[in-house]
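Chain Z is fixed; fit chain U onto it per the hints.
Chains as they are written, first to last, in the working numbering: chain Z, 1 to 257; chain U, 1001 to 1257.
Simulated from the structure, these hints should not be mistaken for laboratory data. Because the structure is a prediction, the values reported are computed rather than measured. Glycine residues also receive a C-beta, built at the ideal position from the N, C-alpha and C atoms. Certain hints may be false.
[Said to hold, decoys possible] In silico lysine to aspartate or glutamate, EDC-like type, Cα no more than 16 Å apart, as pairs:
1. Z:180 with Z:101
2. U:1019 with U:1145
3. U:1150 with Z:118
4. U:1176 with U:1142
5. U:1180 with U:1104
6. Z:150 with U:1118
[Claimed, not checked] Negatives, chain U to chain Z, calculated, CB over 10 Å:
7. 1022
8. 1042
9. 1081
10. 1098
11. 1101
12. 1105
13. 1108
14. 1168
15. 1180
16. 1188
17. 1210
18. 1236
Number of protein chains: 2
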Amino acid sequence: MITSTSNQKIKEIVQLQKKSRLRNERGVFLVEGLRMVQEIPAERIVQLYMTEEFYKKKGKALTVAMSPELVTPTVFSYMSDTKSPQGVLAVVRQSEYRAEDLMDEPDVHLLVLDNLQDPGNLGTIFRTAEAAGVNGVFLSRDCADIYNPKSVRSTMGAIFRQPFVYVDSLPDVIGKMKEKGIAVYAAHLEGARAYDREDYRGRTAFLIGNEGNGLRKEVEEMADVRIRIPMAGRAESLNAAVAAGILMFEVSRQRRE
Amino acid sequence: MITSTSNQKIKEIVQLQKKSRLRNERGVFLVEGLRMVQEIPAERIVQLYMTEEFYKKKGKALTVAMSPELVTPTVFSYMSDTKSPQGVLAVVRQSEYRAEDLMDEPDVHLLVLDNLQDPGNLGTIFRTAEAAGVNGVFLSRDCADIYNPKSVRSTMGAIFRQPFVYVDSLPDVIGKMKEKGIAVYAAHLEGARAYDREDYRGRTAFLIGNEGNGLRKEVEEMADVRIRIPMAGRAESLNAAVAAGILMFEVSRQRRE
Chain Z
1 MITSTSNQKI
11 KEIVQLQKKS
21 RLRNERGVFL
31 VEGLRMVQEI
41 PAERIVQLYM
51 TEEFYKKKGK
61 ALTVAMSPEL
71 VTPTVFSYMS
81 DTKSPQGVLA
91 VVRQSEYRAE
101 DLMDEPDVHL
111 LVLDNLQDPG
121 NLGTIFRTAE
131 AAGVNGVFLS
141 RDCADIYNPK
151 SVRSTMGAIF
161 RQPFVYVDSL
171 PDVIGKMKEK
181 GIAVYAAHLE
191 GARAYDREDY
201 RGRTAFLIGN
211 EGNGLRKEVE
221 EMADVRIRIP
231 MAGRAESLNA
241 AVAAGILMFE
251 VSRQRRE
Chain U
1001 MITSTSNQKI
1011 KEIVQLQKKS
1021 RLRNERGVFL
1031 VEGLRMVQEI
1041 PAERIVQLYM
1051 TEEFYKKKGK
1061 ALTVAMSPEL
1071 VTPTVFSYMS
1081 DTKSPQGVLA
1091 VVRQSEYRAE
1101 DLMDEPDVHL
1111 LVLDNLQDPG
1121 NLGTIFRTAE
1131 AAGVNGVFLS
1141 RDCADIYNPK
1151 SVRSTMGAIF
1161 RQPFVYVDSL
1171 PDVIGKMKEK
1181 GIAVYAAHLE
1191 GARAYDREDY
1201 RGRTAFLIGN
1211 EGNGLRKEVE
1221 EMADVRIRIP
1231 MAGRAESLNA
1241 AVAAGILMFE
1251 VSRQRRE
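The following block holds chain Z by itself, in its conformation from the complex:
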C-alpha cells in the first residue's frame, strides 16, 4: 500500500496528468474511473492503481490480468485529475498508427483536424467519429493532446478504438489523400455548396478548423470543395464537435441509404 504522496511512482503520475511531453516520452497516458478502465484492451495496461475501498467493492469485477497497486484515499485524491475520484486509475500504452495505413481502406471516411484547441471538443469528436464509422482522424501537431485527461474522458472509450495520427504537415498528408482519389471537403462558413448536396458514398475526407479561426489558408487551399452547413437565425457558426458530427453522420446516412 502506497501511503505517501512523495512516493516516486505517485509523483510520476501527477506529472503524467499534467504534461503532454512526458506522456509522449513514456508512450503512455492515464485513464480513470470504472467504466473507462473496463474498456481498456488488457494488453495495453501498464500499471493499475486502486484505493482499498474500490478494490474490495469493484476491483474483482475488473477482469484485468494484473494485480493493482493499492494506495490510500489521500494519495488517490492527490494523483487523480477529477474532483470526485472513483478510486481506480490505469497507466495505458499509447497506440501507434501510420498515416498511410489509415488511408488505405476501400471506401475510406477520414477527418482532418487543423489546430483544434478544446480538449473536451477533441474527445467528443473522437467519440462521434467512432460512431460514424470514421477510419482515421488526422491531427495537426498543434491540436490539443488527445491524451489530455479531459480529452480521454470525453472520448468515452473511443480513445482505445478510433485510429488517429498526429502529423507534421497537414498539406502534405492531404496531398497524399488526393493522390489516392479521396475527395477532400473543407468545412467553411462561406463554403459555396451546402454540405448535403455532395455525394459522400465514395472515399471522403473532411477538413475541420480551429474553434475561433477556422482552417489555415494553406490547409483550406488543399481541399477540392468548400462546403457549408446552412444556418438559420443570427448564428455565426456551430461548435466544432457539433459541426463535425453533422458532416460525419451525413456520410453515414448516405452510405446506409
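Chain U only, in chain Z's frame:
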C-alpha cells in the same frame, strides 16, 4: 470607480455568478466579454461594469446607451467567472416566453430536454438550435440552468435569441404538443427506427434525455415514435449536444430539399 471587493454591488454580482435561485429572483443573468456583450439587445441591459483599461480601449465601440460603472482590475477579477477576464460584464434581464406561444408557429420545430445536466452541453444545444431554426426549447425544471455563466458562454449569443421555457411537467407539455398535431420523436438508443427514415417536414418535436440515463420513462412514453441514430464501432452513445445537433440538422436538411 469601485475599488473595493466589499462594495455591495460587487458582492451581489459574485452571488449572481454562483446562485441560480438569486438570478431567478432578480430576473437577471450575467454576460462577460466583448463579443457576447455586443450581442445583447440594448433594452435588456440593466447594468454594465468595465475596467478603466477596457473602457478606454474598447468601451466606446460598444454602442450601448448606458454609461458603465468602472471598477479596478482587482475588483473585476473578483467579480468575473473567467480565468482571464476581458474587463467587461453586463447584468442582463432574463427573457420570458410562454409555452403555448412556442408551439404555435405553422411548421414548428421543437426540442424538449429532460434533465440535461451539463451546462456546456446545454449552451451548445441552444447555439445549435438557433442555427437549425428551432422555434422553441422546452426544459424540465431539473435541467441545468441556461443562465449559468458556463452555459451562457457556450450559447455564443443564442441565449439572447433562442426562445425557451422551463416547465414543471414535460408530460403535460408534450400532451399539448400532441393535441396540436405535432409529431413527437424520442431519441433513444434502442429506438426501432433510424432517425433519417422519418419525415420531419411537418410539425416536429424531439425529446432528448439526460447524458447518462436518457429519457425518464414517463417522458419517453409520451412520444409517438422512438428513433435511434445508427452507430458503428463499439460506441454506446453520442454526446447529447452532438446527438441533438444531428437530429435538428436532419430536419433542416429535409426542409431545404
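Against the structure, the hints:
1. Z:180 with Z:101: Judged against 16 Å, a Cα distance of about 12 Å means the pair holds.
2. U:1019 with U:1145: Judged against 16 Å, a Cα distance of about 10 Å means the pair holds.
3. U:1150 with Z:118: holds, 14 Å
4. U:1176 with U:1142: With Cα atoms ~20 Å apart, residue 1176 of chain U and residue 1142 of chain U exceed 16 Å; violated.
5. U:1180 with U:1104: Within the cut-off at roughly 8 Å; holds.
6. Z:150 with U:1118: Answer holds: residue 150 of chain Z to residue 1118 of chain U is near 14 Å, not above 16 Å.
7. 1022: holds, 24 Å
8. 1042: holds, 15 Å
9. 1081: holds, 17 Å
10. 1098: holds, 20 Å
11. 1101: Per Cβ check, residue 1101 of chain U is outside 10 Å of chain Z; nearest 17 Å; holds.
12. 1105: Since the minimum Cβ distance to chain Z is about 13 Å, residue 1105 of chain U lies beyond 10 Å and the statement holds.
13. 1108: holds, 14 Å
14. 1168: Given that every Cβ of chain Z is farther than 10 Å from that of residue 1168 of chain U, nearest at about 28 Å, it holds.
15. 1180: holds, 22 Å
16. 1188: holds, 15 Å
17. 1210: holds, 15 Å
18. 1236: violated, 7 Å
The structure fails to meet hints 4, 18 from the earlier list, while all remaining hints are met.
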